[in-house]
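Number of protein chains: 2
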Amino acid sequence: MGTWLEQQFSKRSQGIPPSFIREILKVTSSPDVISFAGGLPNPAFFPIEAFKVSTQRVLEIEGKKALQYSVTEGDPDLRAWIAAYYQQKFGMEVKPDEILITSGSQQALDLVGKLFIEQDDKVLMEKPTYLGAIQCLSQYQPTWAEVALEADGVDIAALEQVCVQDKPKMMYAIPNYQNPSGACYGEEKRAQVARILNENKVILLEDDPYGELNFTGALHTPLRKLYKEGTLLMGSFSKIVAPGLRLGWIVGEKEVIAKLTILKQASDLHSNYFSQRMLLDYLIHNPITEHIGKITAHYKAQCEWMQECIQKYFPKEVTYIAPEGGMFLWLDLGKINARALLKQCMEEDKVVFVPGDPFYITAEAGMDKARLNFSNGTKEKIQEGISKIGKRLHDML
Amino acid sequence: MGTWLEQQFSKRSQGIPPSFIREILKVTSSPDVISFAGGLPNPAFFPIEAFKVSTQRVLEIEGKKALQYSVTEGDPDLRAWIAAYYQQKFGMEVKPDEILITSGSQQALDLVGKLFIEQDDKVLMEKPTYLGAIQCLSQYQPTWAEVALEADGVDIAALEQVCVQDKPKMMYAIPNYQNPSGACYGEEKRAQVARILNENKVILLEDDPYGELNFTGALHTPLRKLYKEGTLLMGSFSKIVAPGLRLGWIVGEKEVIAKLTILKQASDLHSNYFSQRMLLDYLIHNPITEHIGKITAHYKAQCEWMQECIQKYFPKEVTYIAPEGGMFLWLDLGKINARALLKQCMEEDKVVFVPGDPFYITAEAGMDKARLNFSNGTKEKIQEGISKIGKRLHDML
Numbered sequence: 020m021g022t023w024l025e026q027q028f029s030k031r032s033q034g035i036p037p038s039f040i041r042e043i044l045k046v047t048s049s050p051d052v053i054s055f056a057g058g059l060p061n062p063a064f065f066p067i068e069a070f071k072v073s074t075q076r077v078l079e080i081e082g083k084k085a086l087q088y089s090v091t092e093g094d095p096d097l098r099a100w101i102a103a104y105y106q107q108k109f110g111m112e113v114k115p116d117e118i119l120i121t122s123g124s125q126q127a128l129d130l131v132g133k134l135f136i137e138q139d140d141k142v143l144m145e146k147p148t149y150l151g152a153i154q155c156l157s158q159y160q161p162t163w164a165e166v167a168l169e170a171d172g173v174d175i176a177a178l179e180q181v182c183v184q185d186k187p188k189m190m191y192a193i194p195n196y197q198n199p200s201g202a203c204y205g206e207e208k209r210a211q212v213a214r215i216l217n218e219n220k221v222i223l224l225e226d227d228p229y230g231e232l233n234f235t236g237a238l239h240t241p242l243r244k245l246y247k248e249g250t251l252l253m254g255s256f257s258k259i260v261a262p263g264l265r266l267g268w269i270v271g272e273k274e275v276i277a278k279l280t281i282l283k284q285a286s287d288l289h290s291n292y293f294s295q296r297m298l299l300d301y302l303i304h305n306p307i308t309e310h311i312g313k314i315t316a317h318y319k320a321q322c323e324w325m326q327e328c329i330q331k332y333f334p335k336e337v338t339y340i341a342p343e344g345g346m347f348l349w350l351d352l353g354k355i356n357a358r359a360l361l362k363q364c365m366e367e368d369k370v371v372f373v374p375g376d377p378f379y380i381t382a383e384a385g386m387d388k389a390r391l392n393f394s395n396g397t398k399e400k401i402q403e404g405i406s407k408i409g410k411r412l413h414d415m416l
Numbered sequence: 020m021g022t023w024l025e026q027q028f029s030k031r032s033q034g035i036p037p038s039f040i041r042e043i044l045k046v047t048s049s050p051d052v053i054s055f056a057g058g059l060p061n062p063a064f065f066p067i068e069a070f071k072v073s074t075q076r077v078l079e080i081e082g083k084k085a086l087q088y089s090v091t092e093g094d095p096d097l098r099a100w101i102a103a104y105y106q107q108k109f110g111m112e113v114k115p116d117e118i119l120i121t122s123g124s125q126q127a128l129d130l131v132g133k134l135f136i137e138q139d140d141k142v143l144m145e146k147p148t149y150l151g152a153i154q155c156l157s158q159y160q161p162t163w164a165e166v167a168l169e170a171d172g173v174d175i176a177a178l179e180q181v182c183v184q185d186k187p188k189m190m191y192a193i194p195n196y197q198n199p200s201g202a203c204y205g206e207e208k209r210a211q212v213a214r215i216l217n218e219n220k221v222i223l224l225e226d227d228p229y230g231e232l233n234f235t236g237a238l239h240t241p242l243r244k245l246y247k248e249g250t251l252l253m254g255s256f257s258k259i260v261a262p263g264l265r266l267g268w269i270v271g272e273k274e275v276i277a278k279l280t281i282l283k284q285a286s287d288l289h290s291n292y293f294s295q296r297m298l299l300d301y302l303i304h305n306p307i308t309e310h311i312g313k314i315t316a317h318y319k320a321q322c323e324w325m326q327e328c329i330q331k332y333f334p335k336e337v338t339y340i341a342p343e344g345g346m347f348l349w350l351d352l353g354k355i356n357a358r359a360l361l362k363q364c365m366e367e368d369k370v371v372f373v374p375g376d377p378f379y380i381t382a383e384a385g386m387d388k389a390r391l392n393f394s395n396g397t398k399e400k401i402q403e404g405i406s407k408i409g410k411r412l413h414d415m416l
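Chains as they are written, first to last, in the numbering used here: chain S, 20 to 416; chain F, 20 to 416.
By construction, these hints were calculated from the structure, which means they are not laboratory data. Treat the hints with care, as some may be off.
What the hints assert, rightly or not - Listed next, the in silico EDC-like pairs over lysine to aspartate or glutamate satisfying Cα-Cα at most 20 angstroms (straight line):
{"no.": "1", "chain 1": "S", "residue 1": "Lys398", "chain 2": "S", "residue 2": "Glu327"}
{"no.": "2", "chain 1": "F", "residue 1": "Lys71", "chain 2": "S", "residue 2": "Glu79"}
{"no.": "3", "chain 1": "F", "residue 1": "Lys71", "chain 2": "S", "residue 2": "Glu68"}
{"no.": "4", "chain 1": "F", "residue 1": "Lys247", "chain 2": "F", "residue 2": "Glu272"}
{"no.": "5", "chain 1": "F", "residue 1": "Lys400", "chain 2": "F", "residue 2": "Asp51"}
{"no.": "6", "chain 1": "S", "residue 1": "Lys220", "chain 2": "F", "residue 2": "Glu25"}
{"no.": "7", "chain 1": "F", "residue 1": "Lys30", "chain 2": "S", "residue 2": "Glu274"}
{"no.": "8", "chain 1": "S", "residue 1": "Lys84", "chain 2": "F", "residue 2": "Glu68"}
{"no.": "9", "chain 1": "S", "residue 1": "Lys71", "chain 2": "F", "residue 2": "Glu79"}
{"no.": "10", "chain 1": "F", "residue 1": "Lys84", "chain 2": "S", "residue 2": "Asp51"}
{"no.": "11", "chain 1": "S", "residue 1": "Lys30", "chain 2": "F", "residue 2": "Glu274"}
{"no.": "12", "chain 1": "F", "residue 1": "Lys188", "chain 2": "S", "residue 2": "Glu25"}
{"no.": "13", "chain 1": "F", "residue 1": "Lys186", "chain 2": "S", "residue 2": "Glu25"}
Bound conformation, chain S alone (with noise of 0.2 angstroms):
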């Protein structure tokens, strides 16, 4: 039963599942291996030269400020950049004390599951559903439901059904370019999805890293547009500026922020204050929506590249739906093991990704998906390992 000190573990620790994304990111690391696990952005688009600029003229305008103890809300600069950006793209009024900084979105996620969710408390995910979030919300002992997920959005009878027979305290979603599966909400369903969760009160956590990286140029609706009092809504830098410096925000009503501010201040006191002010100074002094293209259109021509491949070497029983942005491509194996074919993958060509059953909350499920990175690798390597890939599922057909 382990040492004297792993019996005194607690039980919320106890049942967090491993990320397999972990385990496997040991593997990838090796320079030989072709990686479609990662959730990586490519980090040729990481505006290094830019952050040469803003990290000397931070420290030389206000160096004594920016390494100081800061407040945990976060620079107040900051907050009013990440406000005007809701009102310039969306035309929603958000108020600086409606937002709180945290160390990549994924703070946000635990501050979230620490504020709202008590042990058994019903929460809903999309299935599929990003397996970062069942391991974080895990921490906090609720039991789970399900919602199926189709190209559009979240399957709206089945969700009116969950909520009226469940009563979830709480929806996790993601409506745009959705880890795992890359599904975008419609409209109408963004529509029918706030009025359902209103309807039934059921809070709404809405992650959004993804939704920049749009290769259609559709708008697509936040859902706290449309069911403001319930929804908290999250965002990163991570995809569009770089990860390592873990910074995102969350938004949300102000006394919703003002209590997540006081488990934040508890938590880490304040997000890393340096980066805050270099991330404004960069995105003060460059031009992010024009990043931002540079990068989505390197993607989509990624993404693209990855399905041509994958229609000359899959066989055909293999299937997608072709994203409209985001980082991943979702496979239906049909009767092909996924964990199966990663071993052989990985073992005999080097060559791995993330079968789809951590993507699951039910035990067996998702065995027969699985999901491809496309932002972070070359052409050459998509080839490379797609026709290495092809292989092995034409073998095992």
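Given the structure of chain S, go ahead and fit chain F onto it with the hints provided.
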């Protein structure tokens, strides 16, 4: 009873005492206020010029890696640096896999609470203790026990009694230059504390943010060296380099660190990786011992100057024990109520400090105590502030 959303707040979130320091910091941001309230390092010693070099070097040589997602455990080279520091300074063997990099030691506190504390577990605190620890651990809904602190550490007889009678699961202690009292455990007491905690199998959470701010040169053995199995030792770069980077660490047995790592992954994936690499570059290229020497010499002079001013301006009824390190001077105000004194000083003189009561778990305790910070301020401001407090003290007697 608040809004619909407020009624959904978890019980754990309601037991967190508001931070007095947080409230007072709003007042002290005004430049005409003389503040002895914060626990702020002196920004004159932030290595701004060295950071200009380190940020450029990291961005130039390894920008793509430093700005990408990284491992939850923290940078391996930074962990090795910390391990070598303990070996060199204390002859204490620490392996890198016994170290987890955290977002300040506040996060280490939070993760330890998550890992070990179930509702109603007994947690033993020094009396008085760091209010951020009370705030943080309150999230996990423990019951409290206390043991009185003397100038050379906890009352040993009281510790033995409370360990046997109350059987606490964990003790939280700051053995070096404690916040708020300035107390520093003697070597003899360290051995006794280690023996008692070991005999009673009480987990020790040893917080050491101030150990390097040592005015006497005396070596203070870490309790982890004396009670390795049961001690989790927290350290921080906030007081010796810069707090705005939010980088600290925790040392523990490897099975505990492994589990804390899973909890940290669920909480924020990893700490700011760019800042980890920039800090490591700084530590490699600059003589940190010399830097700490400069900080310590300055704080010692400020501390001595504050004492001179106190002797000159305060009535004899107000007493304190001269600190041998750290950042705080702890006053015993005798018959004077600290909150009443603060009200006058703040409103009439624009001079602020922290009254004693937030550092106590028991309501009404510490009303005759006050904490003065001496690290951040000039000689002139110290003299002006102390003379103004002195005048109020004389008036109130």
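Hint by hint, here is what the structure shows:
The hinted pair formed by Lys398(S) and Glu327(S) meets the criterion: a straight-line CA distance of about 11 angstroms does not exceed 20 angstroms. With a C-alpha separation of about 8 angstroms, the suggested pairing of Lys71(F) with Glu79(S) holds against the 20 angstroms cut-off. For the proposed pair Lys71(F) and Glu68(S), the alpha carbon gap of about 14 angstroms is at most 20 angstroms, so the pair holds. Proposed proximity of Lys247(F) and Glu272(F) is supported: the alpha carbons are some 8 angstroms apart, at most 20 angstroms.
Proposed proximity of Lys400(F) and Asp51(F) is supported: the alpha carbons are some 10 angstroms apart, at most 20 angstroms. Under the criterion of a C-alpha separation no larger than 20 angstroms, the hint pairing Lys220(S) with Glu25(F) is consistent with the structure, at around 13 angstroms. Between the alpha carbons of Lys30(F) and Glu274(S) the distance comes to roughly 16 angstroms, so the proposed pair stays at or under 20 angstroms and holds. Distance restraint check for Lys84(S) and Glu68(F): the Cα-Cα separation of roughly 14 angstroms lies within the 20 angstroms cut-off, and the hinted pair is therefore satisfied.
Straight-line distance between C-alpha atoms of Lys71(S) and Glu79(F) comes to about 8 angstroms, which keeps the hinted pair within the 20 angstroms bound. Our distance criterion of 20 angstroms between C-alpha atoms is met by Lys84(F) and Asp51(S), whose separation comes to about 17 angstroms. For the proposed pair Lys30(S) and Glu274(F), the alpha carbon gap of about 16 angstroms is at most 20 angstroms, so the pair holds. Restraint check for Lys188(F) and Glu25(S): the C-alpha separation of about 13 angstroms stays at or below 20 angstroms, so the hint holds.
A threshold of 20 angstroms between alpha carbons decides the hint, and for Lys186(F) with Glu25(S) the separation of about 18 angstroms falls inside it, so the pair holds.
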